[in-house]
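Participant: In order, the protein sequences belong to chains Y, C and A. In terms of numbering that gives the first Met the number 0, the first sequence opens at residue 0 and continues consecutively. In terms of numbering that gives the first Met the number 0, the second sequence opens at residue 0 and continues consecutively. In terms of numbering that gives the first Met the number 0, the third sequence opens at residue 0 and continues consecutively.
Honestly, the hints are just simulated from the structure, not real lab data. Virtual Cβ for every residue (Gly too), placed ideally from N, Cα, C. Be aware that one or more of the hints could be misleading.
[Claimed, not checked] Distance condition first, Cα-Cα at most 20 Å in a straight line; then the derived DMTMM-like pairs of lysine to aspartate or glutamate:
1) Y:167 with Y:107
2) A:121 with Y:164
3) A:44 with A:156
4) A:143 with Y:164
5) Y:5 with C:68
6) A:62 with A:41
7) A:83 with A:67
8) A:143 with C:68
9) A:159 with C:4
10) C:75 with Y:107
11) A:122 with A:140
12) A:122 with Y:147
13) A:44 with Y:119
14) A:60 with A:96
15) C:56 with C:68
16) A:200 with A:217
17) Y:46 with C:4
18) Y:75 with C:28
19) A:143 with C:23
20) Y:133 with Y:119
21) C:75 with Y:68
22) A:143 with Y:147
23) C:46 with Y:164
24) C:75 with Y:164
25) C:5 with A:132
26) A:188 with A:163
27) A:39 with A:114
28) C:75 with A:140
29) C:46 with C:23
30) C:5 with Y:106
31) C:130 with C:165
32) A:83 with A:96
[Claimed, not checked] Which stretches of chain A does chain C cover? Using the computed rule of at least three CB atoms under 8 Å from a CB of chain C, they are:
33) 51–57
34) 74–84
[As the list claims (entries may be wrong)] Between beta-carbon pairs, the in silico distance windows are:
35) C:22 with A:131: 50 to 56 Å
36) Y:35 with C:23: 39 to 45 Å
37) A:39 with C:33: 47 to 53 Å
38) Y:42 with C:55: 42 to 48 Å
39) Y:173 with A:142: 20 to 26 Å
40) Y:113 with C:4: 45 to 51 Å
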Amino acid sequence: MVQNDKIIRMMEAILFAAVQPLSEEDLSERLPDGINLNDYIEQLKNKYAASGINLIKVAGGWSFRTAPDLSFLLEKERTVTRRLSRAAIETLAIIAYHQPITRAEIEEIRGVALSKGTVDLLMEANWVILKGRKKAPGRPVMYGTSNEFLNHFGLDNVDDLPGIEELKATGLLSPDPPQNINTQDDESHT
Amino acid sequence: MVQNDKIIRMMEAILFAAVQPLSEEDLSERLPDGINLNDYIEQLKNKYAASGINLIKVAGGWSFRTAPDLSFLLEKERTVTRRLSRAAIETLAIIAYHQPITRAEIEEIRGVALSKGTVDLLMEANWVILKGRKKAPGRPVMYGTSNEFLNHFGLDNVDDLPGIEELKATGLLSPDPPQNINTQDDESHT
Amino acid sequence: MINSFTENNGGLENSISLLIDLDGFEGPLDVLLTLARKQKVDLTKLSILTLADQYLAFIQKIKEKNIEIAADYLVMAAWLVYLKSKLLLPKEENNEELSGDELAARLQWQLRRLDSMREAAKKIMTRNRLGMDIFPRGFPDKIKLIRNSVFNLSLYDILKAYSDFNSRSQKKPYIKKRLFSHTIDDALKWLSIIIGSPVPKWELLESFIPESIISNQEKKSAITATFSASLELVKDGKVIIQQDKEFSPIYIKSKLV
Numbered sequence: 000m001v002q003n004d005k006i007i008r009m010m011e012a013i014l015f016a017a018v019q020p021l022s023e024e025d026l027s028e029r030l031p032d033g034i035n036l037n038d039y040i041e042q043l044k045n046k047y048a049a050s051g052i053n054l055i056k057v058a059g060g061w062s063f064r065t066a067p068d069l070s071f072l073l074e075k076e077r078t079v080t081r082r083l084s085r086a087a088i089e090t091l092a093i094i095a096y097h098q099p100i101t102r103a104e105i106e107e108i109r110g111v112a113l114s115k116g117t118v119d120l121l122m123e124a125n126w127v128i129l130k131g132r133k134k135a136p137g138r139p140v141m142y143g144t145s146n147e148f149l150n151h152f153g154l155d156n157v158d159d160l161p162g163i164e165e166l167k168a169t170g171l172l173s174p175d176p177p178q179n180i181n182t183q184d185d186e187s188h189t
Numbered sequence: 000m001v002q003n004d005k006i007i008r009m010m011e012a013i014l015f016a017a018v019q020p021l022s023e024e025d026l027s028e029r030l031p032d033g034i035n036l037n038d039y040i041e042q043l044k045n046k047y048a049a050s051g052i053n054l055i056k057v058a059g060g061w062s063f064r065t066a067p068d069l070s071f072l073l074e075k076e077r078t079v080t081r082r083l084s085r086a087a088i089e090t091l092a093i094i095a096y097h098q099p100i101t102r103a104e105i106e107e108i109r110g111v112a113l114s115k116g117t118v119d120l121l122m123e124a125n126w127v128i129l130k131g132r133k134k135a136p137g138r139p140v141m142y143g144t145s146n147e148f149l150n151h152f153g154l155d156n157v158d159d160l161p162g163i164e165e166l167k168a169t170g171l172l173s174p175d176p177p178q179n180i181n182t183q184d185d186e187s188h189t
Numbered sequence: 000m001i002n003s004f005t006e007n008n009g010g011l012e013n014s015i016s017l018l019i020d021l022d023g024f025e026g027p028l029d030v031l032l033t034l035a036r037k038q039k040v041d042l043t044k045l046s047i048l049t050l051a052d053q054y055l056a057f058i059q060k061i062k063e064k065n066i067e068i069a070a071d072y073l074v075m076a077a078w079l080v081y082l083k084s085k086l087l088l089p090k091e092e093n094n095e096e097l098s099g100d101e102l103a104a105r106l107q108w109q110l111r112r113l114d115s116m117r118e119a120a121k122k123i124m125t126r127n128r129l130g131m132d133i134f135p136r137g138f139p140d141k142i143k144l145i146r147n148s149v150f151n152l153s154l155y156d157i158l159k160a161y162s163d164f165n166s167r168s169q170k171k172p173y174i175k176k177r178l179f180s181h182t183i184d185d186a187l188k189w190l191s192i193i194i195g196s197p198v199p200k201w202e203l204l205e206s207f208i209p210e211s212i213i214s215n216q217e218k219k220s221a222i223t224a225t226f227s228a229s230l231e232l233v234k235d236g237k238v239i240i241q242q243d244k245e246f247s248p249i250y251i252k253s254k255l256v
């Protein structure tokens, strides 16, 4: 029990001091060997669950954050973020759900040419990063989301994006419509 | 009691997110009117007293700080790569080839006085160690290379260092520009 | 069919009244999706034919107002007219092209895909965001850095340093080597010995190289010069040269005129 409290104290100190989320490896490295880390993380999460600060998993790591319901108290700390255009928000979503994706593929989904600045803006915000080149003629660059994106939107990883499982299941994230595309409904009108 | 917990939660979030220690006025301003602030501060202090972070008064304000006994966790080792000066490299080479060697002998070979820091630096890097004292007037200390030196440069022992003749053969020692004579080719074609 | 057509036309006026011009639209697909949403049905049950009519009516309305329309909206209009004809005309047999139904299904899928991203974007933007809804620690403890020095040095650096140092301390004067040359003119002089020899006899080309030339490098150069010179002489009809096969010895003989 004494050992247990000691580990919890250490974790509190380490996690409070870190600015960025700490991965389980980062934590293990700084804690005594041979402990059951998951067990301690669970304990710590529970310890803070009801308080004004919570331990959450974000961008593949653990971090203390203020409880979401108390945001009204923190006007002073609020950072001013530039308002994103509808096109930029939509592009961000398309990149997040379809990554890695080329500019041409984004344009195809939106059915409209992407203005030059849109992706630049998302890259400037550090939410979108380059993810290599596509093995296709012209070897176009592909875009994806960064850890910063996960951190900002409180996601552990891209599989945590809202509704992504459902979208995958309905085939809406694949590049082409399913082969046996449903035509019944249209027939009723012809 | 419910009200009490709510205030504590609010204080936790405010103090956690604050970019600097908060004075009692700062806190009062952001908390509901008519509460006994000192009472809550006392409660919060006690709540965290045994944990890895403590509520303490610094610079006229309240702030969560790492428990003093855990400060060792906030040390981070960083490896920095440094370059050695030419004089240091040359000195290291002379020590390697002429060990055991005294400072005076190094100076004699190099023809210039050795600055105080040079040998210290090589000893700090664990490459140069003391190798006893010379049986000569003043019994000056002698330097040689360490096992660490051999390990770092992938040598079994100091005899593995290429000799002067070998250095000449590789062109490193020749004052003439290296000649790229390929004798084998000549023979096969003539 | 006709019934549904007029029925849809009834709803059409309503939707158009909501759309005054193209401002605020992100391309033709966006217009289509907006119109589709107004059908107030699940996109999977969307009537593409109705949608096509609505879009065409919308474009017509804009044209009447003399508002400039970007080309891609007109391209979409043309394509929808084509799609309509495909949907309304009887199916052609053995046609390689996609059928009207297939094209309509594709368009429907595209609209669903864009719609899904619209929804996703909304969901993302309403999440609790860092620095807006949830906050990290504002004033973290300073992390004390302990610097460990590692010296960037290779064995080569040491050897080079020692060599440089030795080179410097030996203070050997640098003597620039005279560049060897055995020019074609030199070679011609040597070869001239056999020219006009009354008794022509095969001689090894290499025998016309001065004996003073010993180093392989110099020999190689001299052979090249001598060979070039011999070709000159062949051209002038003064000598004959012969070689059995590649890399075999080259022989030279004076040619009797």
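Participant: A separate judgement is required for each hint: does it hold in the structure or not?
Facilitator: Here is what the structure says about each hint:
Straight-line distance between C-alpha atoms of residue 167 of chain Y and residue 107 of chain Y comes to about 18 Å, which keeps the hinted pair within the 20 Å bound. In summary, the hint linking residue 121 of chain A to residue 164 of chain Y is supported, as the alpha carbons are separated by about 17 Å, within the 20 Å threshold. A hinted pair counts as satisfied when its Cα atoms are at most 20 Å apart, and residue 44 of chain A with residue 156 of chain A does not qualify at roughly 75 Å. Our distance criterion of 20 Å between C-alpha atoms is broken by residue 143 of chain A and residue 164 of chain Y, whose separation comes to about 43 Å.
For the given pair, residue 5 of chain Y sits about 11 Å from residue 68 of chain C by alpha-carbon distance, which is consistent with the 20 Å threshold. For a cut-off of 20 Å, the pair hint linking residue 62 of chain A to residue 41 of chain A is broken: about 30 Å separates their Cα positions. In summary, the hint linking residue 83 of chain A to residue 67 of chain A is not supported, as the alpha carbons are separated by about 25 Å, beyond the 20 Å threshold. Using a Cα cut-off of 20 Å, the hinted pair residue 143 of chain A and residue 68 of chain C holds, with the two alpha carbons roughly 14 Å apart.
For a cut-off of 20 Å, the pair hint linking residue 159 of chain A to residue 4 of chain C is broken: about 71 Å separates their Cα positions. For the suggested pair residue 75 of chain C and residue 107 of chain Y, the alpha carbons sit about 48 Å apart, so the restraint of at most 20 Å is broken. Proposed proximity of residue 122 of chain A and residue 140 of chain A is contradicted: the alpha carbons are some 35 Å apart, above 20 Å. In summary, the hint linking residue 122 of chain A to residue 147 of chain Y is supported, as the alpha carbons are separated by about 18 Å, within the 20 Å threshold.
Proximity of residue 44 of chain A to residue 119 of chain Y is assessed by CA-CA distance (about 37 Å); at most 20 Å being required, the pair is judged violated. With a CA separation close to 32 Å, the supplied pair residue 60 of chain A and residue 96 of chain A exceeds the 20 Å bound. Proximity of residue 56 of chain C to residue 68 of chain C is assessed by CA-CA distance (about 17 Å); at most 20 Å being required, the pair is judged to hold. With a C-alpha separation of about 27 Å, the suggested pair residue 200 of chain A and residue 217 of chain A falls outside the 20 Å cut-off, and the hint is violated.
As the CA atoms of residue 46 of chain Y and residue 4 of chain C are separated by approximately 14 Å, the hinted pair is consistent with the 20 Å bound. Proximity of residue 75 of chain Y to residue 28 of chain C is assessed by CA-CA distance (about 12 Å); at most 20 Å being required, the pair is judged to hold. At most 20 Å may separate the alpha-carbon atoms for a hinted pair to count; residue 143 of chain A and residue 23 of chain C exceed this at roughly 29 Å. Restraint check for residue 133 of chain Y and residue 119 of chain Y: the C-alpha separation of about 19 Å stays at or below 20 Å, so the hint holds.
Of the pairs offered as hints, the one joining residue 75 of chain C and residue 68 of chain Y is violated, with about 34 Å between alpha carbons and a cut-off of 20 Å exceeded. Only pairs whose Cα atoms come within 20 Å are accepted, and residue 143 of chain A paired with residue 147 of chain Y is rejected, the gap being roughly 25 Å. The suggested pairing of residue 46 of chain C with residue 164 of chain Y is violated, with an alpha-carbon distance near 41 Å, which exceeds 20 Å. For the proposed pair residue 75 of chain C and residue 164 of chain Y, the alpha carbon gap of about 40 Å is over 20 Å, so the pair is violated.
Distance hint between residue 5 of chain C and residue 132 of chain A is fulfilled; the C-alpha atoms sit about 18 Å from each other, no more than 20 Å. Restraint check for residue 188 of chain A and residue 163 of chain A: not satisfied, since their Cα atoms lie roughly 45 Å apart, outside the 20 Å limit. Pair hint residue 39 of chain A plus residue 114 of chain A holds up; C-alpha atoms about 13 Å apart against a cutoff of 20 Å. For a cut-off of 20 Å, the pair hint linking residue 75 of chain C to residue 140 of chain A stands: about 12 Å separates their Cα positions.
Restraint check for residue 46 of chain C and residue 23 of chain C: the C-alpha separation of about 18 Å stays at or below 20 Å, so the hint holds. The straight-line distance between the Cα atoms of residue 5 of chain C and residue 106 of chain Y is roughly 49 Å, outside the 20 Å bound, and the hint therefore fails. For the given pair, residue 130 of chain C sits about 27 Å from residue 165 of chain C by alpha-carbon distance, which is inconsistent with the 20 Å threshold. Between residue 83 of chain A and residue 96 of chain A the alpha-carbon distance is near 15 Å, which keeps this suggested pair within the 20 Å criterion.
Residues of the segment 51–57 of chain A with a Cβ under 8 Å from some Cβ of chain C number 0, which does not satisfy the need for three, so the listed coverage is violated. Three residues within the 8 Å Cβ limit are the bar, and the segment 74–84 of chain A against chain C gives 0, so the coverage statement is violated. The given range of 50 to 56 Å is broken by residue 22 of chain C and residue 131 of chain A, whose C-beta atoms sit roughly 26 Å from each other. Taking the beta carbon of each, residue 35 of chain Y and residue 23 of chain C are about 42 Å apart, inside 39 to 45 Å as hinted.
A C-beta distance of roughly 52 Å is found between residue 39 of chain A and residue 33 of chain C, which places it inside the suggested range of 47 to 53 Å. In this structure the supplied range 42 to 48 Å is violated for residue 42 of chain Y paired with residue 55 of chain C, their Cβ-Cβ distance being about 24 Å. At about 45 Å, the beta-carbon gap between residue 173 of chain Y and residue 142 of chain A misses the expected band of 20 to 26 Å. Taking 45 to 51 Å as the suggested C-beta distance range, the pair residue 113 of chain Y and residue 4 of chain C conforms, at roughly 50 Å.
Of the numbered hints listed earlier, those contradicted by the structure are 3, 4, 6, 7, 9, 10, 11, 13, 14, 16, 19, 21, 22, 23, 24, 26, 30, 31, 33, 34, 35, 38 and 39.
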